[in-house]
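Number of protein chains: 2
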Amino acid sequence: MDIVVGIDIGGTNSPFGIVTKEGEILSSGLLSTQDYNSPEDFCSEISQKISEELSKLESEYNLIGIGIGAPNGNYKNGTIEFAPNLPWKGVINLIKLFEAKFNTQIYVTNDANAAAIGEYCFGKAKGMSDFIVVTLGTGVGSGFVTNGQLIYGNDSFAGELGHTIIVDEGRECSCGRKGCLETYTSVTAIVRTANILLAESSKTSLLRDVPSDALTGKIITDAAKSGDTLSLDIFDYTAKKLAFSLANTVAITSPEAIFLFGGLANAGDLLLNPTKKYFEEYLLNLYKGKVTLEISSLTEKNAAVLGASSLVWNEIEKKQNEKVYIS
Amino acid sequence: MDIVVGIDIGGTNSPFGIVTKEGEILSSGLLSTQDYNSPEDFCSEISQKISEELSKLESEYNLIGIGIGAPNGNYKNGTIEFAPNLPWKGVINLIKLFEAKFNTQIYVTNDANAAAIGEYCFGKAKGMSDFIVVTLGTGVGSGFVTNGQLIYGNDSFAGELGHTIIVDEGRECSCGRKGCLETYTSVTAIVRTANILLAESSKTSLLRDVPSDALTGKIITDAAKSGDTLSLDIFDYTAKKLAFSLANTVAITSPEAIFLFGGLANAGDLLLNPTKKYFEEYLLNLYKGKVTLEISSLTEKNAAVLGASSLVWNEIEKKQNEKVYIS
Chain A
0 MDIVVGIDIG
10 GTNSPFGIVT
20 KEGEILSSGL
30 LSTQDYNSPE
40 DFCSEISQKI
50 SEELSKLESE
60 YNLIGIGIGA
70 PNGNYKNGTI
80 EFAPNLPWKG
90 VINLIKLFEA
100 KFNTQIYVTN
110 DANAAAIGEY
120 CFGKAKGMSD
130 FIVVTLGTGV
140 GSGFVTNGQL
150 IYGNDSFAGE
160 LGHTIIVDEG
170 RECSCGRKGC
180 LETYTSVTAI
190 VRTANILLAE
200 SSKTSLLRDV
210 PSDALTGKII
220 TDAAKSGDTL
230 SLDIFDYTAK
240 KLAFSLANTV
250 AITSPEAIFL
260 FGGLANAGDL
270 LLNPTKKYFE
280 EYLLNLYKGK
290 VTLEISSLTE
300 KNAAVLGASS
310 LVWNEIEKKQ
320 NEKVYIS
Chain B
0 MDIVVGIDIG
10 GTNSPFGIVT
20 KEGEILSSGL
30 LSTQDYNSPE
40 DFCSEISQKI
50 SEELSKLESE
60 YNLIGIGIGA
70 PNGNYKNGTI
80 EFAPNLPWKG
90 VINLIKLFEA
100 KFNTQIYVTN
110 DANAAAIGEY
120 CFGKAKGMSD
130 FIVVTLGTGV
140 GSGFVTNGQL
150 IYGNDSFAGE
160 LGHTIIVDEG
170 RECSCGRKGC
180 LETYTSVTAI
190 VRTANILLAE
200 SSKTSLLRDV
210 PSDALTGKII
220 TDAAKSGDTL
230 SLDIFDYTAK
240 KLAFSLANTV
250 AITSPEAIFL
260 FGGLANAGDL
270 LLNPTKKYFE
280 EYLLNLYKGK
290 VTLEISSLTE
300 KNAAVLGASS
310 LVWNEIEKKQ
320 NEKVYIS
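Chains as they are written, first to last, in numbering that gives the first Met the number 0: chain A, 0 to 326; chain B, 0 to 326.
It should be emphasised that the hints constitute simulated quantities derived from the structure, not laboratory data. Accuracy of the hints is not assured; some may be wrong.
[To be verified] Covered, in the sense of this in silico footprint (three residues per stretch, anywhere, with C-beta under 8 Å from a C-beta of chain B), are these stretches of chain A:
id : stretch
1  : 167-177
2  : 188-200
3  : 248-254
4  : 271-285
[To be verified] Calculated lysine to aspartate or glutamate pairs in the EDC-like style (CA-CA distance at most 16 Å, straight line):
id : chain 1 : residue 1 : chain 2 : residue 2
5  : A       : K75       : A       : D154
6  : B       : K289      : A       : D154
7  : A       : K240      : B       : D167
8  : B       : K275      : B       : E255
9  : B       : K239      : A       : E168
10 : B       : K287      : A       : D154
11 : A       : K177      : B       : E279
12 : A       : K240      : B       : E168
13 : B       : K276      : B       : D235
14 : A       : K177      : B       : E280
For each residue, glycine too, the CB sits at the ideal point set by N, CA and C.
With the rest of the complex left out, here is chain A:
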């Protein structure tokens, strides 16, 4: 049986899984990223855990490769480059580290690109050659596929939709600029929106019972689900900003579909319905009614590991069939 290992290196946790070609996770594990002072320590520990899981497999297996999704992961160089949320600074050569542990192919990309390839291999984007995955988590990321290929760009850092400016002189962003999409549509951003609307509005709201520094995306989502109108306003505001950005993006790559993924996308229709409405309003006539907007079909729990593993399956497919692939 051919299998691959998918690793998702995150700021808090780094889950891994042993994945079949059909996307079944045979076995999995988890490391707390912050426990490791150096990438070498991290690699040693996770490699040992992976080997243990592999040795437990009941049937014979053939390890095809290891796919790694990581913040600021660089596909072309096989590195993590200056990731602000990881305990390890500078440029980390993941290929070199993991090749010393496993005699197999190692592939690296960033988490949003991994999500896009995962959607292509195991989700709703199967067979699509032009689509976008937008991840709405602590930050906002994106993976663009056109002509059946992932856009890496000249430096492998394409797809930073979260850092397109959508409001001139808007909210301060961690990138040092102002008005980035990320400051309006990430999980942290809707807490900012909540605090602003709570201050500006005089509506009663369930959120007024929560100390402002204790507000979370989940609390706002739950309040909106129970019909709290101010919380619904927060989603409406967020949806409008997201729709504005997505409609502009359609005019560049003209995708068949856009998939929303990650923390905020878990709100489902609460986010999707107003976003769809504003999206159609903002779209150029040429594109109206042509672009599907959906929540990703991958569950957050599995998506990162599946996405990372699909990087390997996709490379295999690419080699087998030079015409239909995402690279």
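Take the given structure of chain A and dock chain B to it, following the hints.
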């Protein structure tokens, strides 16, 4: 000798040329587009003229194909679809029309995509796999190349950068929406900017001697070149809007270079220098200093025909070498 024919169908004129693989135009001609009530009449007349020019060629030739650039040209269907500036309405099947006249391959794309392929075959983008060409004419168009391929998108209408909204509730656009890039950075747009700044400012200016409905891009450019400060302000304003849009676009496709082309780009450094300054200011740190911003090396006179012809040369190259091509 292998040759191709390039045709640029425009709202006013439709030039054509017989082009060698090296980009030499051996012979050329021109039709006034508005003289023809039907695409059939137009096709008959231009086909006859092309045949005459071909018969005059001194050396023996081999007609490889015909490339046609046209507004709303659809590469996948080989059609012009609902082009507002042409005398012919609806969907026009150019491949069918021209195949009835010539026993050769016919390729169609829109004018901005033709400019991008032209830049790749005969201009500064030679050998680049990630770049953008932005055309600043009566409207604003764009051709995006990533992974060495032109982005056509799901419906072949990708690359409408001119219709990304850069100012919420901004200037009215011919597309029926507000704030599109085209309303700030086309040749017609800088006349709008001139009239607004003339009204808002109390500066003396050469432009005040010109009746407002007689203002043109050329008059503003000439005034700016002679040091007229209000005219320089107009270019500064235009450059800032363009730079904002280009910096956002870099965050999506991460190109190696962006080339400006068309009417407004003819202003050269007058537009380029302030655009470069604002562009670097707006860019996300990750991209600063990495993306070249230049004026296209193709002259407007030849570019359209070269661009259209390069569509054919590019298809040939694509077939010969599946790895390095723009499709």
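Outcome of the hint check:
1. 167-177: Our answer is that it holds, as 4 residues pass the Cβ test (under 8 Å) against chain B, meeting three.
2. 188-200: Per the Cβ count (0), the hint is violated.
3. 248-254: holds (count 6)
4. 271-285: Coverage by chain B holds for the stretch 271-285 of chain A (4 residues, Cβ < 8 Å).
5. A:K75 x A:D154: holds, 8 Å
6. B:K289 x A:D154: holds, 9 Å
7. A:K240 x B:D167: Cα-Cα ~11 Å, so holds.
8. B:K275 x B:E255: holds, 14 Å
9. B:K239 x A:E168: Distance ~14 Å between K239 of chain B and E168 of chain A Cα, so the pair holds.
10. B:K287 x A:D154: Roughly 12 Å between the alpha carbons, so the hint for K287 of chain B and D154 of chain A holds.
11. A:K177 x B:E279: Between K177 of chain A and E279 of chain B the Cα gap is close to 15 Å, so the pair holds against 16 Å.
12. A:K240 x B:E168: Roughly 14 Å separates the two Cα atoms, so the pair holds.
13. B:K276 x B:D235: Holds. K276 of chain B to D235 of chain B sits at ~10 Å (cutoff 16 Å).
14. A:K177 x B:E280: This hinted pair holds, its Cα atoms lying about 12 Å apart.
In this structure, only the earlier hint numbered 2 is contradicted, and the remaining ones agree with it.
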